[in-house]
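Residue numbers (this note's numbering), protein chains in the order written: chain A, 1 to 428; chain B, 1 to 428.
Just so you know, these hints were derived from the structure itself, not from any lab. Only true hints are included.
So the derived label-pair ranges between C-beta atoms look like this:
1) B:K135 to A:P426: 48 to 58 angstroms
2) B:E174 to A:H398: 37 to 47 angstroms
3) A:P313 to B:P313: 19 to 29 angstroms
4) A:H411 to B:D179: 28 to 38 angstroms
We treat Cβ as the ideally placed atom computed from N, Cα and C, and that holds for glycine.
2 protein chains.
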Amino acid sequence: VAVTANNGNTSKPNIIIMLMDDMGWGDLGVFGNPAMETPNLDRMAAEGMIFPNFYTANPLCSPSRAALLTGRLPIRNGFYTSNAHARNAYTPQYIVEGISNTEILLPKMLHKAGYVSKIVGKWHLGHRASFLPLKHGFHEWFGSPNCHFGPFNDLDRPNIPVYDGAQMVGRYYEEFPIDKKTGESNLTQLYLQHALEFINRQAVTGTPFFLYWAPDATHAPVYASRRFLGTSQRGIYGDAVRELDQAVGALLERLHSLDLHSNSLVFFTSDNGAALISGPKGGSNGPFLCGKETTFEGGMREPAIAWWPSHIPPGRVNHQLATVMDLFTTSLVLAGVTPPSSTPLDGIDLTPALLHTRTWDRCICAFVCLDGCFILMTRNSWQEFHQGINFCPAQEVHGVTTHNQTDHTQHPILFHLGRDPGEKYPIR
Amino acid sequence: VAVTANNGNTSKPNIIIMLMDDMGWGDLGVFGNPAMETPNLDRMAAEGMIFPNFYTANPLCSPSRAALLTGRLPIRNGFYTSNAHARNAYTPQYIVEGISNTEILLPKMLHKAGYVSKIVGKWHLGHRASFLPLKHGFHEWFGSPNCHFGPFNDLDRPNIPVYDGAQMVGRYYEEFPIDKKTGESNLTQLYLQHALEFINRQAVTGTPFFLYWAPDATHAPVYASRRFLGTSQRGIYGDAVRELDQAVGALLERLHSLDLHSNSLVFFTSDNGAALISGPKGGSNGPFLCGKETTFEGGMREPAIAWWPSHIPPGRVNHQLATVMDLFTTSLVLAGVTPPSSTPLDGIDLTPALLHTRTWDRCICAFVCLDGCFILMTRNSWQEFHQGINFCPAQEVHGVTTHNQTDHTQHPILFHLGRDPGEKYPIR
Ligand SMILES: [Ca+2]
Ligand SMILES: [Ca+2]
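So that you can see chain A by itself, here it is in the shape it has in the complex (with noise of 0.2 angstroms):
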């Protein structure tokens, strides 16, 4: 299934997936945060096109990351919250589940047009051996399986370990150190001089890869270089953002000067929403009801910028509705990749969007299809609340968000998204 483009080869292009970890959609200047301080990402942005109605499949890292490497459902792909404890909806080290041997990756369906793929930062699809990334058709990996939490101090419970490859080099707070106390880490670069390399390397062979460069600073706790301490109007929160921006301003420099960025196709993105349970020192949703943990707008609706020089058109603003699947359907339409026909796919071929800047009609459902499109996108039900939590700090709607697991199948709660992003005015 190769495309026809109206603009050029598009044969085989690199594809680099950059997935940011619980940063909100309000958190880029492009985006509207009124701070204003990521002028490379919004310089990607005015090079290519952004994607104001584009989704996450749920708001956690696990399922959402699941979601884009399988291109399916977590209800699908396993990936989601069966019982109390929600085993299959995260992994904390407890937890001894992970993506099912079943589910084809993004990186193995790429194989077959003969990519490389590097992922650089974090997994969450499992710790245990046979989960990890290069059994599951990555070439490469720097990384951990899993969030930075911690330090821990008992045997039952090491610290997070950090892999190189096949190899675990050493734990975080150990040889990756983080310092909870001022937020100083230096893995954001550890993650940007890895995923250089790496162009760098693929640049030399002329080989197409695959890079998910998926760091993790974002997530709390929020760590930068000490460079970038202190740096922002916003705090720890913003020096994250602010070093993340100057990496990906990195990256696509490095595309520039290596002359692959005409042949690379470069996707921004986060797996969540921001946590507002983290008050300022998390993200921001914009205008976007609730966060992290929810399934209102701010929850599932992620930033979202596609950049790739001379094939999509600069400047583009694309109100397509789309979904971190769609990423994995239209990386093979792409490299001229039949998708898989064995199991049920959710994301759709995205690239009459992204180079023909097309939009179409198209229903979201985030986990049973019902009439109407933006039903199941907006609806508070099986959100992974803990009894009793409030995940809308300072942004309770009356009638609408609750600080419990509320069913609202029978009676969904129905929004004008158009005319009230911020879910305030229930329609029905």
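Guided by the hints, dock chain B with the ligands onto chain A, whose structure is given.
Same frame as chain A, now just chain B with the ligands:
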């Protein structure tokens, strides 16, 4: 006090102030509106400089406009709430007061440098004969002394008049229809045509001009021309924004086609934040708290774009704290007019920010000067609250927002606006 610029002749540029009505910080694509339907304003921003920290002087029409045109705080220029009826804070028909003869307005000052001045749109500084624009320095006027409230049908309270110069040419809902059912009115097109016609004439004479373009389509009842109705994702409010956006594009295009662009400073902003009491029929204040009629950020912070090709460097974000009153002083500096020495001014010269992208520390005081710079911008006092009205629907923050007028002078509520632009986490 002629300014010396690095980048060419800035002597007596034309000055165009585009003042929107009840438009919020979050209504423009470039300020993060999810609909992103303002391509002309976004391009104006890309070619110019945006000021994310730009404030009005009061979250209501009349005092804000009085502050802009006098360069002085409402408490100085007389447009403030002095009693229970707020007689000087706004100017409905039964209010007989207006702008004082002792105030010296911007057009009168600019005339010293040979400028010809026109106001197109809403005046709102008094509707009796002695208060009208031509009595206070403007040479021309097309528009109305008041809001387009109505229709009224009693002799004591006739419909609001529309003027062309000193001549009343009709009334809203009569000669100048507004269909409150469909939202249709061609007023924005009339305001556009009168502005274009003025610019055309000034291009011929070569006289420097001041155009104060003050359309009010985004003030309730919101209206748009027929061809814009139903074109926005946002409903009638978005239709009005789209029409204004297109008018801005037409005005900038006209400056280009008449070769006036490099000699015209255009400044776009709004008189106060979006009115949240209008719900989905009103605008958006983005991530900020509350809106019109409150002194929270949502009421006071305004979208602001400065445009002056070959003088203002393109694509810049300037974090300078600035206010509508600065437009008075800045205009005088650019025109080479010495500001009046007889009365204290609250506006300052922004040319170092505009022409050289500079920023500097500054204390802005809404009413009285206390220690600290941001305190008075954020405190919830002297609000034009009517008893028991909630101006912050679905945005209530415990201990912060109130439904009643509350004097916080002795115990101001403080926020760190960098880390908490939404004013949800008081630090005191
Ligand atoms: Ca996450
Ligand atoms: Ca107003």
